[in-house]
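Chains as they are written, first to last, in this note's numbering: chain A, 1 to 86; chain B, 1001 to 1240; chain C, 2001 to 2165; chain D, 3001 to 3107.
Rather than coming from a laboratory, the hints here were simulated on the basis of the structure.
It is possible that some hints are incorrect.
[Unchecked claim] With beta-carbon atoms standing in for the labels, derived distance ranges:
no.: 1; chain 1: B; residue 1: VAL1072; chain 2: A; residue 2: THR77; range: 21 to 27 Å
no.: 2; chain 1: A; residue 1: ILE21; chain 2: C; residue 2: THR2088; range: 18 to 24 Å
no.: 3; chain 1: C; residue 1: LEU2072; chain 2: B; residue 2: GLY1012; range: 55 to 61 Å
no.: 4; chain 1: B; residue 1: LEU1170; chain 2: C; residue 2: LEU2072; range: 49 to 55 Å
no.: 5; chain 1: C; residue 1: ASN2094; chain 2: D; residue 2: VAL3002; range: 39 to 45 Å
no.: 6; chain 1: C; residue 1: LEU2058; chain 2: B; residue 2: ASP1065; range: 55 to 61 Å
Think of the CB as a built atom: it goes at the ideal place given N, C-alpha and C, for glycine as much as any other residue.
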Amino acid sequence: MTPIIIVSLVLIGLSALLTVIRLLAGPTPFDRLMASDTLTVIATAFLVLFSVISGGTDLYIDVAIVYAVIGFIGVVTIARFLKGGK
Amino acid sequence: MRKLIGILLIGGFAFYLITVGMGLFSAESRSELDSVGSEILATSPDLSGAANTVTAVVVQYRGFDTLGEVTVLFASALGVSMLAMAIRDGLLQDLFDDDGGFVLQAGSLALLPFIVLVGIYIVLHGHLSPGGGFPGGVIIATAVFVVILTSKTLSIPRGLINVLETLAGLGFLAIGFVGLYSPAQSFLANILPKGEFGSLLSAGFIPVIYAIVAIKVASELINIISKLTAAGSASREAAE
Amino acid sequence: MRNWKGTFALLFLLAASWLLIVSSVALVELIAGAVAIVVIVLLTHRSRDLFGGLRLSLKALLFTPIYLMVFLWQLIRSNLDIARRVLTPSLPINPGIVKVQTQLQSPLGKLILANSITLTPGTLTLDIEGSSLYVHWVDVKGTDADAATQSIVAGFERTLMEVVE
Amino acid sequence: MVILGNILIFIGSLFLALGGLGLIRMPDVYNRLQAGTKATTLGAMSVILGSAFLAPEMLTKAVLLIVFIAMANPVSSSTIGRSAYKGGVPLASRSVRDDWAKEEATE
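Just chain A, same shape as in the assembly (with noise of 0.2 Å):
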């Protein structure tokens, strides 16, 4: 591991930790879902980074694909039914 990937790896970290922040402080429904969003595209890409720290297995990008697909069906469903019950 490089000096550049510790240092990305905590940039990537403090990205969630502020996303955390959003998703917790709200204040409407949209912004915590927003930050789901904006969370799973985080994990998608340190799912990817992690998968080339951990030795260069292509095991962690298939996770990586479908935590990218189901993230994106969920935020999509949520949305829909965030109008509806508004």
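Fit chains B, C and D to the given chain A structure using the hints.
Then chains B, C and D, alone, in the frame of chain A:
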């Protein structure tokens, strides 16, 4: 009817408690139990030919339980569709006043074939990498779900889906019985050739069973969703 | 035959995706993929109609990479733009929702345009009704609708028109 | 190749962090969507491409993932923005213009 269901549920729970209790007391030493995991890890590649040990456990070591799980899922699908009839008045009404907007409609239609393709990939490579029939089937079903959510007119081929569901269930049973009458003489014996370790056609019948599980999961979920949405549009029409 | 075109485009795109995701050209994988793709294409007739909006000509093929370049450049620009706004202590934003017009006809064209607008500097497509797009704009300039159309839509539209109907 | 991969990963994670900052600083849900979508899309694309440069055997899957993110991310952002607007979330007080509200008022 309700009483019968209650008695069955209580009976099942009692059976579960008794089995668990007997298991706790009859086990002679803990180390014997603990050794199962390492033994599976050691013997899995030779016995099943699957690179993903979790999948080998799910489909081969405890294939019987997987069959049971599929049955449980079928029962819950039945329950939810009954629920759908009950909530015909109200709950889903607001959702159908709106079509989700153009971007979501077109976007979900554009992404649908590719998401289903990813689902099929996950199903077919379940014995090689993380995934398998259950997550793959769920991905396929949820992709269809989003399209259903955004359209008022989409007609689901219910007949086809019911046939698929039934065929998948029967296929699982059939493979099990083939194992029973094969030289191995056990239900769900893995009698197909193991193939080359790590390639798509390996691990004997595991990919076949996972494909069947995926079809069953996907068709059941689509069935639930289409029944729920049908109940929702019925309630909307009733309100108008 | 519009539908035939969509079928062909979808078959091609799915085949490319399958090759990318399995990253192998073993015969078994190819056969499994072919079966899967044919089944998907047969069952998703509305997606086929959607992809019928693609132009299948040499010119369209030529303009696809150009469009991707324009898109990538705009994406990088938009990130620098957001970074500048976020890092400036006074938060220089001037937000609002504007209505702009597009000349693209096909649903696929409008979808790609909406996605492109969402990823370009300071704009986010909220909804499309007919040929008008409702766009949230971080930095609204002026009050003229034509000027807004010019600065938000026109840049993509010219290139995109060569690729989709 | 390795150096380029490292640079891409660093730039990507920098944009991800800036996107997170944007989520905190922006005044309303629409502006946060703007910051969130753009920064995370490019950031994630860059990190994934950089990782693929470091481990070339996953390059093809990475390309597919990048295309998927580029197509799906704007769709989900638009959907959230639209449902927030239809759900009655107001624009920030410093907003200068709202053509959509005008439209619905005249209808």
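Consistency of the hints with the structure:
1. B:VAL1072 with A:THR77: 21 to 27 Å: holds, 24 Å
2. A:ILE21 with C:THR2088: 18 to 24 Å: Holds: the Cβ-Cβ distance is about 21 Å, inside 18 to 24 Å.
3. C:LEU2072 with B:GLY1012: 55 to 61 Å: At 59 Å between Cβs, range holds.
4. B:LEU1170 with C:LEU2072: 49 to 55 Å: holds, 51 Å
5. C:ASN2094 with D:VAL3002: 39 to 45 Å: Given range 39 to 45 Å: holds, Cβ gap about 43 Å.
6. C:LEU2058 with B:ASP1065: 55 to 61 Å: holds, 57 Å
In this structure, none of the earlier numbered hints is contradicted; all agree with it.
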